[in-house]
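With the sequences and hints as input, model every part of the structure.
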Amino acid sequence: MAENKKYWRGISELENPEMVKTLSEQEFPDQISNEEFLGNKENLDSTHTSRRDFLKYMGFSTAAATLAACESPVYESLPYVVAPEEIIPGIANYYSSSYYDGHDFASLLIKTREGRPIKVENNKEAGINASANTRVHGSVLNLYDATRLQRPAVNGQESNWSSLDKEIMAGLAKAEAEGKQVVVLTSTVLSPSQKKLINTFGAKYTNFKHVSQDPFSYSEKLDAWQEATGKRALPMYHFQNAKVIVSVGADFLGDWVGQSVSADYAKTRIPGKDMSRHFQIEAGMSLTGSNADKRYKLKTSEHGEFLAALYNELASAKGASTVSGVKSSMQNEAKAVAKELLNAGNAGLVICGGNNKDHELLCIAINDLLGNKEITVSHKIRTYLRQGDNKAFKALIADMNAGKVGVIITNNLNPAYVAAGIANIAEAFKKVPTTVAVTMKYDETAQISSLVAAENNYLESWGDFMAADGHYSLQQPTIKPLFDTRSFEDNLLKWSGLSADYHNYIKENWNSNILNGTQWSTVLHDGVYTATSSAPMMDAVVEGFGSSLNLDLAGIGARVSKEAKAIKGLEINFNQLTGMGVGTIANNPWLLEFPDPISRVSWDNYLTVAAADAVELGLRHWNESNGALNGNLANVTVNGVVLENVPVFIQPGQTIGTVGLAVGFGRVGAGAVADKVGVNAFPLMAGAHHAEVKVEAIAESKHEFACIQLAHTMMGRDIVKEVTLDTFLASPGKTEDFTGWNEPPRFETHKGALTSEDANLWDDFDHQTGHMWNMSIDLNLCNGCGACVIACHSENNVPVVGKEEMRKSRDMHWLRIDRYYSSDITTENAAANGYEGIGLFGKGATDMYADMEVPSQSPEVFFQPVMCQHCNHAPCETVCPVAATTHSAEGLNHMTYNRCIGTRYCANNCPYKVRRFNWFEYHNNTKNFGDNYAMNEDLGRMVLNPDVTVRSRGVMEKCSMCIQRIQLGKLEAKKDGKALKDGAVKTACQSACDTNAIVFGDVNNNQSEVFKLKKDQRMYHLLGEVGTQPSVFYQVKVKNTTA
Amino acid sequence: MLFIAVLSASTLQAQEFTGDVANGKSLFNGQCAACHKLDKKVVGPALGDVTTRRSKEWLYAWIKDNQALRESGDADAIAIYEEYNGSIMPAFPGLSDDDINDILAYTIEGSKPKEVIVDPNGPVTTVVAENDNTVLLYILGGILIFLVLLLARVKNTLKQVQGEGVTTLAQDANIFTRTALKNPRIVTVLTLLVAVVFLQQLYLGLMVVNVDTNYQPSQPIKFSHELHAGTNQIDCNYCHSGARKSKHSNIPSANVCMNCHMYIQEGPKYGTEEIAKIYTAIGFDPESGTYIEDYEQKPIKWVRIHKLPDLAYFNHAQHVTAGNVECQTCHGPIQEMEEVYQYSPLTMGWCINCHRETKVDVKSNDYYKDMHAKLKGKYGPNAEITVEMIGGLECGKCHY
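If you read the sequences in order, they're chains Y and A.
If you count the first sequence from 1, position 264 lands on 264 in my numbering, and the numbers rise without skipping.
If you count the second sequence from 1, position 251 lands on 251 in my numbering, and the numbers rise without skipping.
None of these hints come from the bench; they were simulated from the model.
A couple of the hints might just be wrong.
[As the list claims (entries may be wrong)] Straight-line C-alpha distance at most 25 angstroms; calculated DSS-like pairs for lysine-lysine:
#1 Y:LYS978 with A:LYS397
#2 Y:LYS978 with A:LYS245
#3 A:LYS369 with Y:LYS974
#4 A:LYS363 with Y:LYS981
#5 Y:LYS335 with Y:LYS294
On a predicted model such as this, the values are computed, not experimentally measured, just so you know.
Structure follows, in structure tokens:
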């Protein structure tokens, strides 16, 4: 009988049916059951609300609420009680300042609005090029990072300054009593006043030591200069004077010895007879390598041999003694490079990367042979951006381990993170009774320090710097400290028992030692000061070595040969990503979302592997159905230290037999945003910048990349136009008969062949009457550094979308820098490679295009900044159903957010793919986009530009050509009653670009720079065949390659 | 005897300084009130009894050019100068003898007890003309009702004559409605009418959502623009100094108020009550005339009246400095507002309309020089250039 059939819901019911029954009855024990509630007749009778009444009340209350919502809220408006004299609400103030975080240095102007710093600009007055890079442009956001230390801490407990000071003074007294060392450990100290103060502080203690260690060390380079010239300082390089630049592994446009050379380098890259030729010899694909005229792939361990071979070529030509017994694998290339260098005479420049004394000595010797002293390499003016000493640091660690150190004070350096590969810092710190970390974050070092002194941000403190001999700059606070923090120098003053504040200390120091009669206020206004006499604050200047350079050539030869043979397997090169550097300001969502210029990957670091090696190691890439890139993971072992689960990225141009890994990621304590990103490469890196490595693929592993450019090559299209210097010099770009190297595309019509400008269906706008804004982007000067991307981010309140959204190609950057690799197959050489017709009997057109997608093994690299092209026949405008995007008489394509209803027709119809859709509310959306504290926290929001609307969900946005700056420039001119001067309006990307690749202005003003550039032979429009007539145009890239 | 002397003296003065008290008041408030009060020593002496202290001729001479009077060696003039630590009273050569008479008359009238003050030129209450209409309408309505009742009576009389039953007015209406509602044409017309009226009202209603014309919130301080900008003729830009330079025409900070109110400690309407609120905000002790040290300042929480949505960019300097637009164009007769209200709707239609109609002064500003030459070619040599013609209707000019 069916009724008797019993089903068990689990084995437990069979075994203990009573318990299961009790439990199931009590499934919702705290609620009154429906039966009990509705079954109570009394209850029901006592309520008089019928269903109809309920609906009536609901209806009325909804209507009432709707009506009430129409009422405007009351806004309060609180003026200052006593208004500061210098602040006019609504008008930005600019203060000159400087940036130095122990790694990056820059001279800046800080834009403040109503007392809040909101933007970093380059200080063009700076005597040496110290322009802000990508990271420095983003650094303003770190001021408003709520995960900064807000007050001091003693033994891991939040505390106050008086108890911290007491503990430190006790620790110092104890150390002195016991005869132990008192140590100040910093990165390179650039500041003359800070250096003086450290010495004043140390003078009270018998065993005082100040040790410098750079996060990315160039200690051996400095040793080489000391050996050669007697002074432990690097020279200043004058790239603007160089005709032939040979860089052996030096990524001087990315991260090298700290000197910012991109502007000088760009000066030699202007096409013409004087254009420089740049050779790059390197293992991984660097930013500098991407810009080289000729790039050779060579393992870093063989760089010494190459330098020796180059030296030998030059020495034998000049009749000097050679290095014997060295044979480079690139002997022929060395010969070719040497020939070029000899032709250039004293306008040659040879530099090397890595941290190797022999390499640097060879470079010194080569440059000496070239006779370029004071022309491209200055011995008189030295830079001080890297002064760290690995030997002193190792000796310090030994002392600490031996219990000889009583107090260690760290500042501007995070040894527990950056020096993890050199020594076991945590162990060493345990042996020191008083450990003080002066830091902004509860970072790796702060976590192992007993006392943590919360430090000011650079925008809150005074400072001074001498980046090179005679080149001084000042840092001034632009906001009061947001938290209960103190600057390192104020701490030192306090701990030295001095009552002065650091502002007066600097002022006094400058007035008596540096300024030589110049007014302090003038210098403070300019932010920079160039001394006419040589620098008194640093060590005595040594005039180089003259003719007495005595190198142990035989020793060097033996060592470089040995070095090349030492690495038998794979070689790993440690480098830095443009957006992260060594991770000093890691907790910055703008920088984390910044796609690396080469790989176009954001929110990650990864092991770069050559395609051939990847096959061998069993590593691969694959794309998901939505295009998102995935890759394998690998375990990486260097000197017995294993780094697990490292994402692998297959990098075109990577030398076979080498891999690369960037430092600066995998943080603990840098802040909530940075801590979960990437892997930490520092423990693998011990002093040298390369090492032997074992890479083991993890089978079936998957890493999700946020790579936003899926197409690697241009597929035979003229997206980036290129011409060789010879062609450029020999023939015109545009001719009457359309035979030049830069002809606009033409269409056959009944009137004959016409350019897209002449053959169009549309009525033209009147662009003659007022201004006509145009922008020129010189592809020869753009090196892809990405400073403009971050400058745009901060100027235009561009949201951050996070890794998951980036994977869906929903990045919001208004300005992107496309990167293209060349392919071995081109439409020109297709026939020669056997691609015929449609490929009925072999390889055809489809195969050709498929193969064109694959970048070459040794590709040329092209960068192209792309923002809204502000088309004058804009495809987006014609498809907008609500006229939210319209055209202006000034040649701009306006986007009216409040009108947009989010159909996204415009984005679909845009041939340049520059429109960005707000798929979500990226502000005030802590749940999903909380990582972007710039838009989701009260503190972070202070960084927003009040002149630019924060866009809401469901609307389209795009580059506005910084219309707020255009309007401001026009207004200032109108207020003054004067014509608008060329250069008075600069877009954010333009002012961030230190190579002047971006020029913006009014083409209706025939005196303007952009007018001249529009008439230039090299001018072309991106996708000119579409006929959109953009207001943005590009200048053809000219490569100085030998035929 | 003394009493008689004083009485006779005062009657004498009352005859002597017969002037226009109202004009005197406005002149006093405009020219003298910054430093003088009638009943209290401020920067200068109290003036309520000045006519009893000084002769008429001396007062004329002193007010017109006190420095000259002092230099002439007048002992009284030198004495008063020294009493006030050498602070110089400005000369008022622009005041005529009549003006001074008016002011002096006010000092006498103004210092009399309040109930005595009679303002002869004060506002006269006149009967508003519109009221007449209402009365007429009532009469008209009455006549109509009377006619309806009359007709009903006539109808019923006629029915009775014909021998039919009498119906009341209500019954008639009922029958009419029933008949009408059975007629589909009438129903259609009525429905349409109701729908159109409803939709029109809805549209009008929605159009004024968030349009806050006449919005007049009560402010934390009963500040009168009528007194400051109207009577005292203080330039708008003195307090709203941002309007010429910046996008914001800032609400003045309390230290700007203190420029005058350090001395003017009492107002004509609310006495010390409202001005004391500034002192509370900034920490000023009116008794000693000094700022309180280490005072925790309390910002004044004004209620914002004019507020454009964040999506619209508006710049005061663009309109005030570059466009030479009067404050009153948008803010209305602010100099007559005791309490400020929103005069203009501040809607986009209102902005656009003004941009269509407003002429740009292209001739006197060199910024427009080249542009004007080209505009003449486009619109004709004598065309008036409006904001619209120079791109003032483009979306991106205000929305970015």
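Against the structure, the hints come out as follows:
1. Y:LYS978 with A:LYS397: With Cα atoms ~20 angstroms apart, LYS978 of chain Y and LYS397 of chain A stay inside 25 angstroms; holds.
2. Y:LYS978 with A:LYS245: Since the Cα atoms of LYS978 of chain Y and LYS245 of chain A sit roughly 16 angstroms apart, the hinted pair holds (cutoff 25 angstroms).
3. A:LYS369 with Y:LYS974: holds (11 angstroms)
4. A:LYS363 with Y:LYS981: holds (19 angstroms)
5. Y:LYS335 with Y:LYS294: With Cα atoms ~14 angstroms apart, LYS335 of chain Y and LYS294 of chain Y stay inside 25 angstroms; holds.
In summary, the structure agrees with every hint in the numbered list given earlier.
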